[in-house]
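Q: This is what each chain is made of:
There are 2 protein chains.
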Amino acid sequence: MRLSRFHLHTSKETPADAEIVSHQLMLRAGMIRKLAAGLYTWTPLGLRVLRKVEAIVREEMDRAGAIEMLMPSIQPRELWEETGRWQKFGGQLLKIRDRKDGEFCYGPTHEEVITDFARNELRSYKQLPVNFYQIQTKFRDEIRPRFGVMRAREFLMKDAYSFHLDADSLAETYRVMYEAYARIFSRLGLRFRAVAADTGAIGGSASHEFHVLADSGEDAIAFSDGSDYAANVEMAEALAPGPRPAATETLREVETPAQKTCEEVAALLGIPLSRTVKSVALVGEQGFVLALVRGDHALNEIKLAKLPGLGEYRLATEAEIAEHLGSEPGFLGPVKPARPVTVIADRSVAAMADFVVGANRRGWHLAGVNWGRDLTEPDLVADIRNVVEGDPSPDGRGTLRLARGIEVGHVFQLGRKYAEAMGATVLDAEGKAQVMHMGCYGIGVSRIVAAAIEQNFDGNGICWPEPMAPWSVAVCVINPKGDAAVTEAAEALYRDLRDRGVDAVLDDRGLRPGQMFADVELIGIPHRVVVSGRGLDAGTFEYRARRAADSENLDRAALMARLGLA
Amino acid sequence: MRLSRFHLHTSKETPADAEIVSHQLMLRAGMIRKLAAGLYTWTPLGLRVLRKVEAIVREEMDRAGAIEMLMPSIQPRELWEETGRWQKFGGQLLKIRDRKDGEFCYGPTHEEVITDFARNELRSYKQLPVNFYQIQTKFRDEIRPRFGVMRAREFLMKDAYSFHLDADSLAETYRVMYEAYARIFSRLGLRFRAVAADTGAIGGSASHEFHVLADSGEDAIAFSDGSDYAANVEMAEALAPGPRPAATETLREVETPAQKTCEEVAALLGIPLSRTVKSVALVGEQGFVLALVRGDHALNEIKLAKLPGLGEYRLATEAEIAEHLGSEPGFLGPVKPARPVTVIADRSVAAMADFVVGANRRGWHLAGVNWGRDLTEPDLVADIRNVVEGDPSPDGRGTLRLARGIEVGHVFQLGRKYAEAMGATVLDAEGKAQVMHMGCYGIGVSRIVAAAIEQNFDGNGICWPEPMAPWSVAVCVINPKGDAAVTEAAEALYRDLRDRGVDAVLDDRGLRPGQMFADVELIGIPHRVVVSGRGLDAGTFEYRARRAADSENLDRAALMARLGLA
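Chains as they are written, first to last, in the working numbering: chain A, 64 to 629; chain W, 64 to 629.
Hints listed in this document are in silico derivations from the structure and should not be mistaken for laboratory results. The beta carbon of each residue, even a glycine, is placed where N, CA and C say it ideally should be.
With a straight-line Cα cutoff of 30 Å, these simulated DSSO-like cross-link-like pairs (lysine-lysine) come out:
| # | chain 1 | residue 1 | chain 2 | residue 2 |
| --- | --- | --- | --- | --- |
| 1 | W | 97 | A | 480 |
| 2 | A | 158 | W | 97 |
| 3 | W | 97 | A | 151 |
| 4 | W | 151 | A | 97 |
| 5 | W | 480 | A | 97 |
| 6 | A | 158 | W | 158 |
| 7 | A | 151 | W | 163 |
| 8 | W | 158 | A | 151 |
| 9 | W | 163 | A | 163 |
| 10 | A | 158 | W | 163 |
| 11 | W | 97 | A | 189 |
| 12 | W | 97 | A | 495 |
| 13 | W | 189 | A | 544 |
| 14 | A | 323 | A | 399 |
| 15 | A | 75 | W | 189 |
Okay, the calculated beta carbon distance ranges per label pair:
| # | chain 1 | residue 1 | chain 2 | residue 2 | range |
| --- | --- | --- | --- | --- | --- |
| 16 | A | 574 | W | 128 | 19 to 29 Å |
| 17 | A | 566 | W | 611 | 41 to 51 Å |
| 18 | A | 77 | W | 162 | 24 to 34 Å |
| 19 | A | 483 | W | 613 | 50 to 60 Å |
| 20 | W | 118 | A | 206 | 33 to 43 Å |
| 21 | A | 166 | W | 550 | 47 to 57 Å |
| 22 | A | 566 | W | 452 | 44 to 54 Å |
| 23 | W | 118 | A | 281 | 36 to 46 Å |
| 24 | A | 619 | W | 613 | 51 to 61 Å |
| 25 | W | 207 | A | 574 | 47 to 57 Å |
| 26 | W | 611 | A | 483 | 43 to 53 Å |
| 27 | A | 483 | W | 629 | 52 to 62 Å |
| 28 | A | 566 | W | 128 | 15 to 25 Å |
Isolated chain A (complex conformation) (with noise of 0.2 Å):
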């Protein structure tokens, strides 16, 4: 491509209205225009990245045996009433009258669709497994669109269904899915990691979230360093530490007058704030609770929520912690209670000696507590706390890492939820009717593209890994003075290029080479060779990598090793 037969529109401000670094990128480098809220027109150079993710995401679907079609985005109310999520899926569902007052949504997702068109087309176990998949505009009508095409209302998605006739070919198929998704993240250059969307063991999960790595990403996550575990951070299991060591000191009152926090006795004391215990007070199910966390972590709700006899807790008022533990909030501890409370102490607290808690008394804390003589053993113990960076990791490989993802991708083992509200039903080999397994496997397409740059830029602007540039290879023209040897080097190295396959573009736009090489920079162009007349006289092209910090003079045969084409 010659950039001056494209239409490229960059700018140096910094839009207001867009938050995250992704989103300012693609508006300065033009590679989205917003038509309204969360709908966005993919400019010339928006869509070259688009297209590249697309063929990567076909390709490798492709290569998995996944069979592409194509479902139309509108969809009868019928169907989604069959699911029952017609009303379930809430405002989400954009919701359309056609001029006959007919009921039709556009179709955030197409597992009814498919559904229907299964329940037609398949009708023996021979034609098992199958999986079906298509890349397809979809619309969520989100109520608070933004980040760009991050969080747009109408977006590019792959999603695909897979149909069996029991649960291990599900197993299986899914499994190939994990591993497609794994290759085309891979391939497009990017930092990602699978994460179990429940229990966290790779493989005996019903659902895997695949996250590519951004400070700025939504979502926490712990990873191994030492295998591919990755969860969720409030999913991931805190293993239960080393024995308990033995008690070293004695039981003491020590005076804390303003000292309600972990830290601030931890400060006060002169301790590491991991000797210190948190006892957070709980109503549930059964009565009155004391949790207690290390004071350095945190406690874990959905992990808590999940212990019999806790159920739909609360926290407890003042007036029941007075009751119970006949103290006010900032002194609490599990020592000597008002009245009988069950404890329920994070793995880590059971295995604390000489440990400092609340007294139960305004102004007064206790420290050299240990388990066994000051109190009796927790009524229970549980991994009730969010890992944190350094904890070992659940499968026993290596240490967990935190760091922070955006959503991209998604497997799901559907089972036969949507077969069953449908009647997709197939014949076994003795003839019986069989209601259908599924699974269901998307990516973001459109989103991808945002998650790539939060990953993936620099104070000059966005920094393609190269699968995903709309060009590998910038030629730049610095010819001010129209010298015919010039323009002719620089095509000649163009068409070189393009001829060897190397997705090379030529600014032949005439700027200034400092326009020139901000917009080169700004939208993230790999490789910048710039073709000058001294650098003819000199028998070198200047050459620099996106993120390198210097420009080199290469002869012709250096610079094609440095573009790998030697």
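Dock chain W against the given chain A, drawing on the hints supplied.
A: Then chain W, alone, in the frame of chain A:
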């Protein structure tokens, strides 16, 4: 592709609700499935064809210098209000309210969105001309969707929009698009005509329609056998015939007791229909008019409406006819009317001598009628008839032929209409704001698939032009005994064809030959190669072209030559 890993689902039964051949065959071949009225799922088989069309369209648009982008399908009402089309577009515009009660439509076309994009992106004449295109899903809420994807509500379209400083630049891009369209339909292997949508002369028109020729087409087209002239039958000009011959007969009354039509009169008198004249009584802006066309010609209402003085005319009532002509319908004529009437004669009528007209008297006609002698020359001589097969081509080259066509493309010089309404201007070389000129260029990508079938089918199914076929070559295995050598020979041929870049499919489903061949013919694969034990023993493959009456046994070299691979 191996068919055992594909989803093919054919049917022998012709669906009851499919009225036209393409709809029937697309359902029988399993290319599409109906989701709701005018909404179709493209199955894996159908999508393969759709994508082949899309790829050729994209390649030729790129080659012609158009730049691809992607606009949202959902468009805000505000833009449509600017052009007045929110009301004017009518019921086909699918209007939508989002959860915040904002009003939108599902875009049936994108003039408003692209003009909004252009007024924001284009500032200087230096950015012009530019031609943006997209390949995208559109929606028209047809009141009577039918004929499958031929007249669906949701459909795939390529739409392009060009922007220019002046009319000359628009005309130049229009020409480039016209040529790109001709290349697209040629490459697709379709017989087509570019039809002047108004005045008729190529290049001098602001609009051309591209029609795929097919007997089932909705539009009647006249085209020259000696040039590329083509026009809608109602638009094609009927040239004036040679000079009027001299009178040879005397005027006489002939009794036609029950003969009211020209056909009946000609039969009674034993003369050619072309010797009779049909008189049609009309009332236009300037009063009562008698329009005369030859008995074998059809009056053209569009041409008539353009004549001065007629305006919004209507047929005369029986009372008006009695008042002006003193007769009743069936016996009308221009000779001696009861009151003076305006006579408009078609060019061919004005060139007649010795003709037959009604006598303005029940049960009588006049024969041997001659202009100037029996009645005064017509008040107006004009082209007011449809052309017929055999008429000279209006461009002076060749003879007109008639055919039926399906509109699959349209190129249009919009001029400044939309740019004016939406204030889309650029600065010219003098720094003055100029309203841009626009062209728009559409192709019905999904419609082409159906149109191609209407043009290419036989009793056994679809006969795809090779560039559109889901696969070019089907390798069919006949191997009832499961002979490993036969399987291996088929696999080897299949792999060899793929390696040579042939889009081959291996029918390894293990069906009986009859079923297999019926499928391959129904889905229209251009080349069929059978690998069997018998052939293997003889060192031959059985080859059959889709439209050939018989198959041939060919050795490997001859087979490759037949497939164009020698």
